[in-house]
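Participant: Chains A and B, in that order, give the protein sequences.
Mapping the first sequence onto numbering that gives the first Met the number 0, position 25 (from 1) lands on 24, and the numbers just tick up by one.
Mapping the second sequence onto numbering that gives the first Met the number 0, position 96 (from 1) lands on 95, and the numbers just tick up by one.
Take these hints with a grain of salt, some might be off.
Only pairs whose alpha carbons sit at most 25 Å apart, straight line, appear in this in silico SDA-like list of lysine to any residue [unchecked claim]:
1) A:K23 - A:E162
2) A:K23 - A:D185
3) B:K57 - A:R67
4) B:K20 - B:Q208
5) B:K20 - A:R36
6) B:K57 - A:T55
7) A:K41 - B:K20
8) A:K41 - B:L125
9) A:K23 - A:K215
10) B:K20 - A:M32
11) A:K41 - B:K73
12) A:K215 - B:I118
13) B:K57 - A:R113
14) A:K41 - B:K57
15) B:K73 - B:A206
16) B:K20 - A:F64
17) A:K41 - A:R67
Which residues of chain A face chain B? A few of them, derived with a C-beta cut under 10 Å, are [said to hold, decoys possible]:
18) M1
19) F22
20) N24
21) A193
22) P197
23) F207
24) K215
Where chain A lies over chain B, by a calculated footprint (3+ residues, C-beta under 8 Å) [unchecked claim]:
25) 13 to 22
26) 31 to 42
27) 95 to 109
28) 140 to 153
29) 178 to 185
Hint data in this document are derived by calculation from the structure and do not stem from the laboratory.
No residue lacks a Cβ here, since even glycine has one placed at the ideal position from N, Cα and C.
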Amino acid sequence: MMFPRVIPVLLLRRDGLVKGIHFKNHKYVGDPMNAVRIFNAKNVDELFLLDITATTECRSPDIDFVQRVADEAYMPFGVGGGIRSVADMQRLIRAGAEKVSINTAAVENPDLIRQASDVFGRQSVVVSVDVGHSWRGRASVYTHSGTRRVNLDPVAWTQKAEELGAGEILLTSIERDGIRRGYALDLVRAVADAVQIPIIACGGAGRFEDLEAVVKEGHASAAAAGSLFVFNGPHRAVLVQYPDRRLSVPLSS
Amino acid sequence: MNTVIVDYGMGNLRSIQHKLKRIGVEAVVSSSSWDVENADLLIFPGVGHFAKGMHNLKEYGLLDVLHWKVKEAKMPVLGICLGMQLFTRRSEEGDVDGLGWIDAETRRFCFAPGIGLKIPHVGWNLLNPRRLSPILEGVRSDQRFYFVHSYHVVCNSPDDVLTTTEYGYRFVSSVHRGNIFGVQFHPEKSHEEGMTVIRNFFDMFQARQGKS
């Protein structure tokens, strides 16, 4: 039996925890440490904390915050946003993060993936791939929190990241972000089937069945979500929650 | 009791120190051979590349004192993840020799084509005990632990195997030989179940204050 991970992805801005739709219109959700404590008490499988304005504001990751999370978290967590160098990663990992997630910096300097996996081992290096569509309908990779389109095909870029030493891919569909109507299953499957490393799928989860579907039909190794774990009901009332049920799938061997 | 968390530049030590404090263990994070020399118990964590880990141990001048304390003076040591793998004779990761405290090798996961299993093995999985040990006291077979690794330990002597875990095939998820303990999973990241294992390790050597 395998237990695919169910992973809350918490988005941080300077003023706290936020969540938006299509990477925009972010609504204040609460205090991040409070959310970490709640998720801790709910025995979550893993957490991701992404600072969504660090890169655009040219800030470095907040080490103090990561240390406080590490003190609280009895589960693994990954950190992303504003990471530019191996030295940045070193500080985050020493502060207690298991994983570092890079997006913009990986696209601008793919060799950073190789350098990072040489130093920390590939299991600590997550490449975050945000996918949107151009007006022609072609899937492309986006950087800078979904604000800049780059001329990279998501499947080809993921394969390159694997080859360079990425340990996991955090794959987010910008179009599905925040809408809670299911994952972009075709995208997830296309990427998952093209690489050997685990895919953490994100964007679109609205109910438990969506998490199951992205693992079984989308071939993702883990199901991540934002809104599902911080909002409740049609009016998006803030409620930090996590399913009591576990995902489980029999081993295919 | 003097507990030292060995810092050889391979990640994630402060959070372990903090978690030990919560169960009544005051541990020092150190890369000094003097501290290791004076330790009563050693926590040997580690995330990252095997060859880099061995290189750092050499660079930091820790090899001799570690061999002396663990092999000769029989100081209890708990290796976590890469820490446990370094106890083996050799690893495929970088193709270098390890500390050789456990008669074992570290090998990469290798699956038949088409099996569809991802590498690294990342996520929560179960432990199947192969023998009884106080370090597993209170751990149930339905409790899950957090793993993240591409390489695993292959023991030459079945007596050293404490638990196995299933991922494509059965691999060794913890070892025990005399004063030497190793776990492939991350107990410090495995909620209450993981802390039980850590507590057990310290209780075996009466090294906790204010038991909780």
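Participant: Now, for every hint given, state plainly whether the structure supports it.
Facilitator: Verification of the hints:
no. : hint            : result
1   : A:K23 - A:E162  : 32 Å, violated
2   : A:K23 - A:D185  : 23 Å, holds
3   : B:K57 - A:R67   : 32 Å, violated
4   : B:K20 - B:Q208  : 10 Å, holds
5   : B:K20 - A:R36   : 18 Å, holds
6   : B:K57 - A:T55   : 41 Å, violated
7   : A:K41 - B:K20   : 22 Å, holds
8   : A:K41 - B:L125  : 19 Å, holds
9   : A:K23 - A:K215  : 29 Å, violated
10  : B:K20 - A:M32   : 20 Å, holds
11  : A:K41 - B:K73   : 40 Å, violated
12  : A:K215 - B:I118 : 18 Å, holds
13  : B:K57 - A:R113  : 24 Å, holds
14  : A:K41 - B:K57   : 42 Å, violated
15  : B:K73 - B:A206  : 16 Å, holds
16  : B:K20 - A:F64   : 20 Å, holds
17  : A:K41 - A:R67   : 18 Å, holds
18  : M1              : 7 Å, holds
19  : F22             : 26 Å, violated
20  : N24             : 32 Å, violated
21  : A193            : 12 Å, violated
22  : P197            : 4 Å, holds
23  : F207            : 17 Å, violated
24  : K215            : 12 Å, violated
25  : 13 to 22        : holds (count 4)
26  : 31 to 42        : violated (count 0)
27  : 95 to 109       : violated (count 0)
28  : 140 to 153      : holds (count 5)
29  : 178 to 185      : violated (count 1)
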